[in-house]
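Chains A and B supply the protein sequences, listed in that same order.
With this note's numbering applied, the first sequence corresponds to residues 1 to 106, in that order.
With this note's numbering applied, the second sequence corresponds to residues 107 to 527, in that order.
Worth flagging that the hints you see were computed from the coordinates, not collected in a lab.
Hints are supplied without guarantee of correctness; some may be wrong.
Restraint ranges, calculated between C-beta atoms of paired labels, are given here [unchecked claim]:
1) Asn81/A / Leu302/B: 52 to 58 angstroms
2) Arg244/B / His3/A: 40 to 46 angstroms
3) Ala163/B / Gly77/A: 46 to 52 angstroms
4) Ala9/A / Asp206/B: 26 to 32 angstroms
5) Gln248/B / Gly15/A: 53 to 59 angstroms
6) Asp54/A / Glu519/B: 49 to 55 angstroms
7) Ile425/B / Glu103/A: 39 to 45 angstroms
Covered, in the sense of this in silico footprint (three residues per stretch, anywhere, with C-beta under 8 angstroms from a C-beta of chain B), are these stretches of chain A [as the list claims (entries may be wrong)]:
8) 14-27
9) 33-40
10) 63-76
11) 92-106
The C-beta atom is built at its ideal place from N, Cα and C for all residues, glycine as well.
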Amino acid sequence: MSHVTFIEANGTEHGVDVDNGVSVMEAAIQNSVPGIDGDCGGNCACATCHVYIDPKWAPLTGERTQMEHDMLEFAEGVEPNSRLACQIHMTAELDGLVVRMPESQH
Amino acid sequence: MATAFKQSDDLMAAAREEAFSMPLDKIDVSDGARFVNNTFWPFFERLRRDAPIHYCADSKFGPYWSVTRYKDIMAVDTNHAIFSSDAHLGGITVADMDDDFILPMFIAMDPPKHDVQRKAVSPIVAPANLAVLEVLIRERAQKIFDNLPINEPFDWVDRVSIELTTQMLATLFDFPWEDRRKLTYWSDIATSDPDLPGNPNKEERQLILLECLQYFTNLWNERVNAPPAGDLISMMAHDPATRDMAPMEYLGNLILLIVGGNDTTRNSISGGLLFLNENPDQYEKLRNNHALVETMVPEIVRYQTPLAHMRRTALQDTILGGQHIRKGDKVVMWYVSGNRDETEIENPNAFIIDRARPRQHLSFGFGIHRCVGNRLAEMQLKIVWEEILKRWPMIEVLEPPVRVSSSFVKGYEKMMVRIPG
Ligand code: HEM
Ligand code: FES
């Protein structure tokens, strides 16, 4: 089990514990955290799981794949630390991860 | 009460018999006739079971591959490097685009051009802007509902679905109100088949679309000289990415938005009412809990699948589900089939308004071309159902609807209903 903290655009925090191997998108959906839609079920095909990775954690979450990069092209308010939450899977190393959510998913 | 409009079981039984006995290579799911009488379902069921990546060598539209399972459709939709949407290779429907008059629209472009244009249009239909539009769209919808006849049969498609969709588009473009049915007209012309009797031929069609361009050019000229506003034309006229667009490109993007937002939303508005009549238990559930509109809306979009397919053209040889697709082959993703794939969606043939993950469907496509208007469409449907439920516990569909003859636009020409008073 590892811990993830989701912070909504309005500042509300949600802490959840999930099994390792589960994606950050699934972690939010399974725990009914608002602000992540995940329409495509984690196929990197909808960009409705857009999150900002807390700078401290960025080096540990890896790089965007080409498809992830292509999909993020169309998300709103993309920043250098934007990622698609379905493309990041929890590991022991990521225990304590903090991600922020945009105003809305589109 | 709720059986008068039910489609004939005999017709469906005969279609099933045929679908499961005919040689696989003779199956052609692109035939619009089967969409008129709604008997195409067992043919897709057979393909999903026996030939999920299926080659039809001979059809009205030439040879094409059919992709019918959810996962395979997702694989094609997310592989834009191999499966192209380019208009010059044929575009995005099983019918090839008209070579002499290709309107440049980003739905029928590949990256990088697609990306630039999509980015320019996308903000208007993003949630922040939708919140502003919602108030106006709701007020206008309320007027339509307040004026519907009670205890008297009328055509839901014309009085409600078309009118609402047209008003929504007019709001989006801040289009002159009294001329708004022109939008519906241009959309119908843009998607009409010039080879069918009764439709404008190629030259007539081009002329009508150029009139459309002229009309919108006037609006553009007004708005480019005015301060930036929240409507789509003003946004395009002021955005550095779009303000120097060539006229045909402007026309292409307009037509794309008009067509994209027209038939699809219209048919979802009709479809929703039909499905609730076909499933009285779901209607009952909704009546008792109006909050279910939230999850019902995406279920309506799945169940309707307003665009039955999207097409791609292979840019290179590739293997898909064990089949060898050759460069230049036409590949059709049948969303209407993938949305009924039981390996991906539980009990897919049932209309269930409170599914746990209702947005898990293919109706908006996936990947870089995923419908840019999806949240707008959902908002529109949400308003429709909230306003209906505020007024009436039940609207009755009186007879089977008249369906559109097309394997692309899946929808209704006419649907007679009555609001009991
Ligand atoms: C229930 C309603 C709707 C459905 C089912 C629908 C369906 C689709 C589908 C299947 C695609 C293509 C996906 C692909 O090729 O992978 C698409 C793209 C598109 N739709 Fe929609 N649509 C709907 C409503 C709307 C609305 C309301 C608008 C705008 C006002 C709109 C504008 C567009 C545009 C501009 C594209 C092109 C996106 C691109 O190529 O990047 N659609 N839609
Ligand atoms: S869930 Fe669709 S891109 Fe992540």
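Going through the hints against the structure:
1. Asn81/A / Leu302/B: 52 to 58 angstroms: holds, 53 angstroms
2. Arg244/B / His3/A: 40 to 46 angstroms: holds, 41 angstroms
3. Ala163/B / Gly77/A: 46 to 52 angstroms: holds, 48 angstroms
4. Ala9/A / Asp206/B: 26 to 32 angstroms: Given about 49 angstroms between the Cβ atoms, the range is violated.
5. Gln248/B / Gly15/A: 53 to 59 angstroms: violated, 42 angstroms
6. Asp54/A / Glu519/B: 49 to 55 angstroms: holds, 54 angstroms
7. Ile425/B / Glu103/A: 39 to 45 angstroms: The hinted range 39 to 45 angstroms holds for Ile425/B and Glu103/A, with Cβ atoms some 42 angstroms apart.
8. 14-27: As far as the region 14-27 of chain A goes, the hint is violated, because 0 residues have Cβ atoms under 8 angstroms from chain B.
9. 33-40: holds (count 3)
10. 63-76: Coverage by chain B holds for the region 63-76 of chain A (6 residues, Cβ < 8 angstroms).
11. 92-106: It holds, with 4 qualifying residues against the three required.
Going down the numbered hints, you'll see the structure goes against 4, 5 and 8, while the others check out.
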